[in-house]
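A.B. asks: Work out the full structure, taking the sequences as your base and the hints as a guide.
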Amino acid sequence: AQSVTQPDIHITVSEGASLELRCNYSYGATPYLFWYVQSPGQGLQLLLKYFSGDTLVQGIKGFEAEFKRSQSSFNLRKPSVHWSDAAEYFCAVGPYNTDKLIFGTGTRLQVFP
Amino acid sequence: EPEVTQTPSHQVTQMGQEVILRCVPISNHLYFYWYRQILGQKVEFLVSFYNNEISEKSEIFDDQFSVERPDGSNFTLKIRSTKLEDSAMYFCASSAGSNYGYTFGSGTRLTVV
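In order, the protein sequence lines correspond to chains A and B.
Heads up, the first sequence is in the numbering used here, so the first residue is 1 and it goes up one at a time.
Heads up, the second sequence is in the numbering used here, so the first residue is 1 and it goes up one at a time.
Don't take each hint at face value.
Derived DSSO-like pairs: lysine-lysine, alpha-carbon spacing no greater than 27 angstroms straight-line [to be verified]:
id, chain 1, residue 1, chain 2, residue 2
1, B, 57, B, 78
2, B, 42, B, 78
3, A, 49, B, 42
4, A, 68, B, 42
5, A, 68, A, 49
6, B, 57, A, 49
7, B, 57, B, 42
8, B, 42, A, 61
9, A, 61, A, 49
10, B, 83, B, 42
11, B, 57, B, 83
It is worth saying that the hints were derived from the structure and are not from the lab.
Only a predicted model underlies this, so the values are computations on that prediction, with no experimental measurement involved.
C.D. replies: Spelled out as structure tokens, the structure:
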């Protein structure tokens, strides 16, 4: 069955530090891949998505993610974190033969000044 | 930027009561979805809707749940007889097609007491 794993439940970084959030998926074909961010009490905002083509995708708020087929990964990165980036981050997979998204359990990011 | 609008933002209901959660998807989108997130857990797919009928539903979406697009603009989720375990954040989403990604609303927090 398709699945998404976010190994890190909680990450704490200092403001200005670099960030990498991990996401691994299990799926037979190349899936559609997404990263969403959820601030407390808010909805899910799309940061970026990968469907095909260039494996390094740029998103909003200075985020980027790299699709690595050999590792079944789609890690999210940001070179310098801002305090406003504190939120919950969800990786999601959209299999090609269905239009539903499968979400990971999320990674809560805390940013210290 | 177009938004998916959900009302109410928070609803409290007594166990056994019927609730209707409302969503206004983006106007030119054709695919509509409901997801839910129980507190502290992952976001789970409930149902997808296209061309005025359910295209896919999860095991969670049992006979207590129904969806409707009553007037061409609203998209509703009805829970016929709420249970305590229905307490969750419910997200509506819409899409122009899976190649375009999904736009989520800010959610309705349902509390069943």
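A.B. asks: Next pair to validate is residue 49 (chain A) with residue 42 (chain B); report whether the Cα-Cα distance is within 27 angstroms.
C.D. replies: This hinted pair holds, its Cα atoms lying about 19 angstroms apart.
A.B. asks: Hint check: residue 61 (chain A) vs residue 49 (chain A), CA-CA at most 27 angstroms. Holds or violated?
C.D. replies: holds, 14 angstroms
A.B. asks: Keeping to a limit of 27 angstroms between CA atoms, is the pair of residue 57 (chain B) and residue 78 (chain B) held or broken?
C.D. replies: Distance ~14 angstroms between residue 57 (chain B) and residue 78 (chain B) Cα, so the pair holds.
A.B. asks: Given the proposed pairing of residue 57 (chain B) with residue 83 (chain B), does the C-alpha separation stay at or below 27 angstroms?
C.D. replies: With a Cα-Cα distance of about 19 angstroms, the restraint between residue 57 (chain B) and residue 83 (chain B) holds, given a limit of 27 angstroms.
A.B. asks: Are the Cα atoms of residue 57 (chain B) and residue 49 (chain A) separated by 27 angstroms or less?
C.D. replies: holds, 24 angstroms
A.B. asks: Does the structure keep residue 68 (chain A) and residue 49 (chain A) at a Cα separation of 27 angstroms or less?
C.D. replies: holds, 14 angstroms
A.B. asks: Take a quick look at whether residue 68 (chain A) and residue 42 (chain B) sit within 27 angstroms of each other, Cα to Cα.
C.D. replies: The hint holds at about 24 angstroms.
A.B. asks: Hint check: residue 57 (chain B) vs residue 42 (chain B), CA-CA at most 27 angstroms. Holds or violated?
C.D. replies: holds, 17 angstroms
A.B. asks: Please work out if residue 42 (chain B) and residue 78 (chain B) have their alpha carbons no farther apart than 27 angstroms.
C.D. replies: holds, 21 angstroms
A.B. asks: Regarding the pair residue 42 (chain B) and residue 61 (chain A), is the alpha-carbon distance no greater than 27 angstroms?
C.D. replies: holds, 23 angstroms
A.B. asks: Does residue 42 (chain B) sit within 27 angstroms of residue 83 (chain B), going by the straight-line distance between their CA atoms?
C.D. replies: Between residue 83 (chain B) and residue 42 (chain B) the Cα gap is close to 19 angstroms, so the pair holds against 27 angstroms.
Hint compliance for this structure: every hint is met.
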